[in-house]
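*Asks:* Chain by chain, the residues run as shown.
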Amino acid sequence: MSQIDNPTLSASVETVSSYLETAFTSVKAATRFLENTFLNAPITIQIAMVFIIIAIVTTALAYISILRNRYRGYRTDKKLARLCPRIDNLLIDEVLSHPSLQQHVPPDEIQLNIAPFEQLPLHRRWARQALTGRIIHFRRNVRGNIGLLLRNLYMQLDLDNDTLKKLKSRHWEKKVQALTELTSLDMFISDVTILPMTNDRNRELRAAARHAYIKLSKNEPFKFFDIAKEPLLMWDQVELFRTITSTENIAIPNFARWIIYSGNKSVISFCLKLVVYYNQHNAVPAILRLLETKDHYLRADAINCLGKLRARIAEDKLVALYSHQPIPCQIEILKALGRIGSGEHVEFLKTEFLHATDFDLRKHAAKSLVRNQWVSDHPGDELLSSVSQENLRILRHCMNPLIKY
Amino acid sequence: MQSIVNAISHIYQSTIFLYGLVLLLVYAMLAFFSMLGVRQYARQDNDYQLDVLAGSGIVPGISVLAPAYNEGLTIIDNVRSLLTLNYPRFEIIVINDGSTDNTLEQLIREFSLQEVDFAYHIKLKTQPVKRVYKSTNPAYSTLVVLDKVNGKSKADASNAGINAASFDYFLCTDVDCVLDKNTLLELIRPVLQEEKKRVIATGGTLRIGNSCEFDEGVMTRMRPPRELLPRFQEVEYIRSFVLGKMGWSYINCVPNVSGGLGLFDKEVAIRCGGYDHTSFGEDMELMSRMCRYAYDYNIDYAIRYVPKTLCWTEAPNTLEIFKRQRIRWARGLAQLIHAHFHMFLNPKYGKIGMVIFPYNFFFELLAPVVEMLGLITYLLLALLGYIHWHNALLLLLFVYTYSIMITTIAILWDQLTFRYYKTWKEVLFLCMTAFLEFVIYHPIIVYFSLRGYYNFLTGKRVTWGNMQRQGFGKK
Numbered sequence: 000m001s002q003i004d005n006p007t008l009s010a011s012v013e014t015v016s017s018y019l020e021t022a023f024t025s026v027k028a029a030t031r032f033l034e035n036t037f038l039n040a041p042i043t044i045q046i047a048m049v050f051i052i053i054a055i056v057t058t059a060l061a062y063i064s065i066l067r068n069r070y071r072g073y074r075t076d077k078k079l080a081r082l083c084p085r086i087d088n089l090l091i092d093e094v095l096s097h098p099s100l101q102q103h104v105p106p107d108e109i110q111l112n113i114a115p116f117e118q119l120p121l122h123r124r125w126a127r128q129a130l131t132g133r134i135i136h137f138r139r140n141v142r143g144n145i146g147l148l149l150r151n152l153y154m155q156l157d158l159d160n161d162t163l164k165k166l167k168s169r170h171w172e173k174k175v176q177a178l179t180e181l182t183s184l185d186m187f188i189s190d191v192t193i194l195p196m197t198n199d200r201n202r203e204l205r206a207a208a209r210h211a212y213i214k215l216s217k218n219e220p221f222k223f224f225d226i227a228k229e230p231l232l233m234w235d236q237v238e239l240f241r242t243i244t245s246t247e248n249i250a251i252p253n254f255a256r257w258i259i260y261s262g263n264k265s266v267i268s269f270c271l272k273l274v275v276y277y278n279q280h281n282a283v284p285a286i287l288r289l290l291e292t293k294d295h296y297l298r299a300d301a302i303n304c305l306g307k308l309r310a311r312i313a314e315d316k317l318v319a320l321y322s323h324q325p326i327p328c329q330i331e332i333l334k335a336l337g338r339i340g341s342g343e344h345v346e347f348l349k350t351e352f353l354h355a356t357d358f359d360l361r362k363h364a365a366k367s368l369v370r371n372q373w374v375s376d377h378p379g380d381e382l383l384s385s386v387s388q389e390n391l392r393i394l395r396h397c398m399n400p401l402i403k404y
Numbered sequence: 000m001q002s003i004v005n006a007i008s009h010i011y012q013s014t015i016f017l018y019g020l021v022l023l024l025v026y027a028m029l030a031f032f033s034m035l036g037v038r039q040y041a042r043q044d045n046d047y048q049l050d051v052l053a054g055s056g057i058v059p060g061i062s063v064l065a066p067a068y069n070e071g072l073t074i075i076d077n078v079r080s081l082l083t084l085n086y087p088r089f090e091i092i093v094i095n096d097g098s099t100d101n102t103l104e105q106l107i108r109e110f111s112l113q114e115v116d117f118a119y120h121i122k123l124k125t126q127p128v129k130r131v132y133k134s135t136n137p138a139y140s141t142l143v144v145l146d147k148v149n150g151k152s153k154a155d156a157s158n159a160g161i162n163a164a165s166f167d168y169f170l171c172t173d174v175d176c177v178l179d180k181n182t183l184l185e186l187i188r189p190v191l192q193e194e195k196k197r198v199i200a201t202g203g204t205l206r207i208g209n210s211c212e213f214d215e216g217v218m219t220r221m222r223p224p225r226e227l228l229p230r231f232q233e234v235e236y237i238r239s240f241v242l243g244k245m246g247w248s249y250i251n252c253v254p255n256v257s258g259g260l261g262l263f264d265k266e267v268a269i270r271c272g273g274y275d276h277t278s279f280g281e282d283m284e285l286m287s288r289m290c291r292y293a294y295d296y297n298i299d300y301a302i303r304y305v306p307k308t309l310c311w312t313e314a315p316n317t318l319e320i321f322k323r324q325r326i327r328w329a330r331g332l333a334q335l336i337h338a339h340f341h342m343f344l345n346p347k348y349g350k351i352g353m354v355i356f357p358y359n360f361f362f363e364l365l366a367p368v369v370e371m372l373g374l375i376t377y378l379l380l381a382l383l384g385y386i387h388w389h390n391a392l393l394l395l396l397f398v399y400t401y402s403i404m405i406t407t408i409a410i411l412w413d414q415l416t417f418r419y420y421k422t423w424k425e426v427l428f429l430c431m432t433a434f435l436e437f438v439i440y441h442p443i444i445v446y447f448s449l450r451g452y453y454n455f456l457t458g459k460r461v462t463w464g465n466m467q468r469q470g471f472g473k474k
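Each protein sequence line maps, in turn, to chains A and B. According to numbering that gives the first Met the number 0, the residues represented by the first sequence are 0 to 404, in order. According to numbering that gives the first Met the number 0, the residues represented by the second sequence are 0 to 474, in order.
In short, the hints are calculated from the structure, not lab data. Any given hint could be a false lead.
Calculated lysine-lysine pairs in the DSS-like style (CA-CA distance at most 30 Å, straight line) [stated by the list, open to error]:
id : chain 1 : residue 1 : chain 2 : residue 2
1  : A       : 403       : B       : 265
2  : B       : 196       : B       : 180
3  : B       : 196       : A       : 222
4  : B       : 196       : A       : 77
5  : A       : 334       : A       : 307
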């Protein structure tokens, strides 16, 4: 009774009871509406009423979601805007400017001062993630001992535990994130963990696992070429190419091995690009064998590769093949003769330039003639004056240093 | 007699009800698919991947085509914007389509251009190309300028650009559009990531740049337009690109890749005859022909969309210019349906014949006609006293709330993924526009569409027309 006497409490009870009354009246009104209006309305109107309610509720929820998302994003940005400069300063002071680095002390022997990092709110996952992100960012921009020191810091702060947890996640995007982090920091992952992922059904995970495998496997980094069942997409090739060509201390095999034996055309095509990058002249016999393939896209890739390798040994075979090739392969042969630039097939190129019916063939023949220095060595004024207007324009196009393509 | 009237009335009501219901269900379906599409994109989006792509030497080259007609006011900033694109292998081909102002002179002066003998091969017939220019400044080595006789259409200029293009893919844009620096990386990504299909075109989201801030052709601050008419268009673009095209993209049924921003497979585009210079909707027309070509030659194709905003365009801010634009679009749609009607409900053309064309026919072409007929019937019945006002208002409220819901969902997807605009007030401002769109903007669109159809039916002569740009940041 004494509590009821309390004026604040009694006012609250009154307010609650008035709310309840209002709610009760609303429910009654809704029931009345349902009985009188909704149930008696035609079906179209009933559907319309239902949709009106759905639309209003959905719109309201959408507004709430927009505001909530913006607020959360704003808070995250604010937190990161405060934290990231602190992290960056610490990384610069404690790692990048570490005095031992100047004295060429091996990174494993350098004692990092972890204490300032422990001042960061690392009990929060978002802060740990931000720190990992900044370490990776710095590591991508430095090489040598500083990179190793950043990796040591990552391990000493136990940030790898978070990454390993993500690697065990059921969500593929978490696994991809984990693999990217581990790859960026050159962390060891066992082959048994990665290899199954290189053939995963999810394309993103498959690609990330392949990169990780090449970068991190201590045994045979290109082993997955042997077991790759799915084609390597152009996107995968771009990423793999970058990974292979930017990984330090990787044992580069002779890619002719896959050019000869792989049943996966995309792997062969990719190996041809790597052969060019690593200038593997010992792969030329394997590539010459590939000219017999029935797939003319692959054949065009092989011809392109021979041209880029400047394989003079292939010139005669290419010229002999020329007449019964589809246009893309013929173009590649003309380009290859230009790249090899031995000057031995100038007559062939000249004939193609003057007599081919296809515009692109004439253009590429002209380009290769220019590359063979035919124009400068043998100005051939007589010929220049006798060629058609169009051919003359093609020739001038190819000779003009301002025009690249 | 009464029974016949009743029967007709019943059929009419049922047809309209069914029509409306299917349309609303299609929108609901698009909202759902676009959510899946945008989520999928967001999961795969990764700046590091773009860095890898930007530094790669094995990516396919892209030719950027920018037709220009009397763009003297903005041409320098716009070409500068194109030159900042981030991609390892590309060229920019500006096609001066016989401008009568000083567009060409400005280009020659600003970019140190010199006339060159260019091996220009006419694969697609266009008005003659008079001269080709290249820059003597190595900083602009990617720039090619074609000077051609005016072809009275963007299609003709674009075709000339395709003829001069060196690479296997071309990006078609308007020279007055400002592109995001990563546009080429974003648009080529679906092409490289596709597992089994051949991606013949990719599109990206366009936005209205009227109130955005630009610095030398680079967007520095994104804002929704302050003026009402461009703001309506911003809302319409978000709905159309983020919800509509992303939804269609998810089920590989994209009906159109916008002329303002689209990446195309050059071989397929040339084989199907390039842009049609007689069409008023040349972008949609090309897309239909490319799809048709793909079906005729058994190419398992895909058309993809990127929900990220990659292009800002200047929207008409006066009713007169807006009217010209929309009449042209409506006429283009009518032309398209007429020219390719044999694909309509033709199973030989798969999704384009059974989904895209019926959708375009019933819900794009016929929608303004149905709305106008509905309005006339409504007024007639109101005059005769046959309207049950309570139910009529409920139905109107239903359509109104539903349209707001769809627009808000489109803004939501956009916000959840990209959080464009700096302040929440700007977003709210945009959301509120949806409340007015139904009562102000939509009737105007319907009217202009009907004018476009009328012009199509009567064959009224209309030219490409100057859009009277004001230029970004110069208002």
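*Asks:* For each hint, tell me whether it holds in the structure or not.
*Replies:* Cross-check of the supplied hints:
no., hint, in the structure
1, 403(A) <-> 265(B), "holds (19 Å)"
2, 196(B) <-> 180(B), "holds (27 Å)"
3, 196(B) <-> 222(A), "holds (28 Å)"
4, 196(B) <-> 77(A), "violated (43 Å)"
5, 334(A) <-> 307(A), "holds (9 Å)"
Of the numbered hints listed earlier, the single one contradicted by the structure is hint 4.
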